[in-house]
Structure formats: structure tokens, C-alpha cells
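Participant: Read off the chains here:
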Amino acid sequence: MKKLRALIVDDSSVMRKIVERSLRQAGIEFAEVREASNGAEGLGALKNETMDLILCDINMPVMDGLEFLRQLQTVDNAKGVPVVMITTEGSESHVVQALSIGARGYIRKPFTPEQVKEHVIPLLGNTK
Amino acid sequence: MKTANEITASDKVPEGWSPLLELAVREVFEIMLGCKLEAQTAPAPVSGDFTAMVGLAGQLCGLLTLHCSAHSAALMASRMLGADVKETDAQMWDAIGEIANMIAGNFKNKLTGMGDRCVLSVPTVITGSDYSLRSMADTGPLEVAFLFEGAPISVAVEVHS
Numbered sequence: 001m002k003k004l005r006a007l008i009v010d011d012s013s014v015m016r017k018i019v020e021r022s023l024r025q026a027g028i029e030f031a032e033v034r035e036a037s038n039g040a041e042g043l044g045a046l047k048n049e050t051m052d053l054i055l056c057d058i059n060m061p062v063m064d065g066l067e068f069l070r071q072l073q074t075v076d077n078a079k080g081v082p083v084v085m086i087t088t089e090g091s092e093s094h095v096v097q098a099l100s101i102g103a104r105g106y107i108r109k110p111f112t113p114e115q116v117k118e119h120v121i122p123l124l125g126n127t128k
Numbered sequence: 001m002k003t004a005n006e007i008t009a010s011d012k013v014p015e016g017w018s019p020l021l022e023l024a025v026r027e028v029f030e031i032m033l034g035c036k037l038e039a040q041t042a043p044a045p046v047s048g049d050f051t052a053m054v055g056l057a058g059q060l061c062g063l064l065t066l067h068c069s070a071h072s073a074a075l076m077a078s079r080m081l082g083a084d085v086k087e088t089d090a091q092m093w094d095a096i097g098e099i100a101n102m103i104a105g106n107f108k109n110k111l112t113g114m115g116d117r118c119v120l121s122v123p124t125v126i127t128g129s130d131y132s133l134r135s136m137a138d139t140g141p142l143e144v145a146f147l148f149e150g151a152p153i154s155v156a157v158e159v160h161s
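Going line by line, the protein sequences match chains A and B. Residue 1 in the numbering used here sits at position 1 of the first sequence, with consecutive numbering throughout. Residue 7 in the numbering used here sits at position 7 of the second sequence, with consecutive numbering throughout.
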């Protein structure tokens, strides 16, 4: 089984740890989990590295999650990498907007580990 | 139930919002901290004083605040991270800010049609008790109070018309 690399983008360090724990509770083994506290840091982390999964908040300082998604389209290392938004912004318009610019899943905070599992596992396909 | 559009300057926050706020708070604590809050009929004085604030902007405009003691903030971080209080002490600011953020998001998403027309600020956390907070809201605060692990906490929403 391939060990995965994930990037978690959230301005809350507590939330980054909870998301990472939820992924592990979903039974996914990671070789590495990278963290970024905003979209700009997230893009920086992808310059020279490839990831198998990206989980991203929306409301963040410096660069929010929707702008991160837009700019991600131009990052070669990120092509085809599934992005799941995990955010308090749970409105229909936010969901539609995020999905229209490349997100593959959308989880509203508060969330359970089961919800993370339901959204993430299908996206990992044969890599898990 | 009044919508945010129908609040006038002399109004209080619509009464129908109180159970929605209470539910929003309970859900965040149950799902993210794994604990049930006990109801309090009247807000009790909160000692220690950590205040997390999240701004609401758009059609629903105002401020949500979460008020708790330092001990409660430390316990919240511990519960969220599933670790001992001593290990999570440095993260209590982040933890209660994120809890306030989730409560605000959960609350506005429960108000019909408001999810699309209201955005949240990133949270801010104040420590200490020697301050006055003026949100410029023109409604009286809607406040719900609970006991978290035996200690009082409160969540309030004030709204601009």
C-alpha cells in the first residue's frame, strides 16, 4: 500500500491537528503531513513537492482558500491532486464556488472523523 | 420569526434565534470536543476571562462572543486535541478562537437563507477582564449560558440592523 503525503491548509494550528487526527482515524497511513497556515504558504509548500491530498480552510488571512484553489490551477505539482475544503462557510454558494474552481469535496465544520472518511477515501482511489 | 432584514434599531435579536444559537453551541461542543454542555437558566459570572470574538458581515452584521475562564479555555484545547491539559496549554487561544468560529458558522447556517449572505471574520481572542467591549450593535445581546465541565461559559450575539 502506498503511503500518502497530505497538505493541510488552515490558519488554526489546533484545527490542522484535528484534521490530521481525523485522517488517521479514517485508517489512512501518511508518509508525511505538511501544514500551512494560509493559501500562500500552501502554494509555497507545493513548489517543489507533490501531494496526494490537500485539505483546505476558506477563511484565512493573507490568502483565503478560494484564492488558493484558483492559483492552484497553475501549479504543475498540484495537477490532479484532490482538494477537499473543510470550513465553517457552509453556504450553498460557497460550496458551488469551491467545486467550480477545482475542489473535489466540501466538509462543513464542525465535522466528525466519519465525515472526513466519507469524503476523502473515494478521492484517493488506488493510491490508498 | 423575524429575518435579519426585519430587525429595526429598537429591536432585540429575534427570540426564535435563541434555540438556534443554543443548538449551534451544543453541536460544536459535542462533535468537536466530545462533551455535552449543561444548560444554565441565567448567565453566571465567568471568572478568568477569555473572550473569543468573530465578526459577522453582510446581511447579518454584528459580533459573536464566547466567554470563559482560563481553566475552561485550557480544557477546551485539551478536549479538542485529545491530549493532557499541560500539553495543550499554549494552544488554548487558538482553540477557543476556532470554537467561536465554528459556533458562528454553525449559527448563521441555521438561519434560513443567511449562509449565503453573511461572511465571518477570522477570530480574535482577548485575555483579561479589565476591558469594555462595544460592538456598535443596535440590538440587545442574545446570550446563552452553559456549564462546561462544571464551569460557566456564555455565548452572545449582537446584531446591527
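Mixed in with the good hints, there may be bad ones.
To be verified - Here are a few chain B residues that face chain A, going by a calculated C-beta distance under 7 Å:
1) L23
2) I31
3) A95
4) E98
5) N109
6) D116
As the list claims (entries may be wrong) - Which chain A residues stay away from chain B? Per the calculated CB distances, all over 10 Å, these:
7) R5
8) M15
9) I18
10) E29
11) E32
12) V33
13) E41
14) G44
15) E49
16) T50
17) Q71
18) E89
19) K117
20) I121
21) L124
Derived from the structure by calculation, the hints contain no laboratory data. Glycine included, C-beta positions come from ideal geometry on N, C-alpha and C.
Participant: If a hint holds in the structure, say so; if it doesn't, say that too.
Facilitator: Evaluation of the provided hints:
no. : hint : result
1   : L23  : violated, 12 Å
2   : I31  : holds, 4 Å
3   : A95  : holds, 5 Å
4   : E98  : holds, 4 Å
5   : N109 : holds, 5 Å
6   : D116 : holds, 4 Å
7   : R5   : holds, 23 Å
8   : M15  : violated, 5 Å
9   : I18  : violated, 6 Å
10  : E29  : holds, 19 Å
11  : E32  : holds, 20 Å
12  : V33  : holds, 15 Å
13  : E41  : holds, 15 Å
14  : G44  : holds, 20 Å
15  : E49  : holds, 25 Å
16  : T50  : holds, 29 Å
17  : Q71  : holds, 20 Å
18  : E89  : violated, 7 Å
19  : K117 : holds, 15 Å
20  : I121 : holds, 20 Å
21  : L124 : holds, 24 Å
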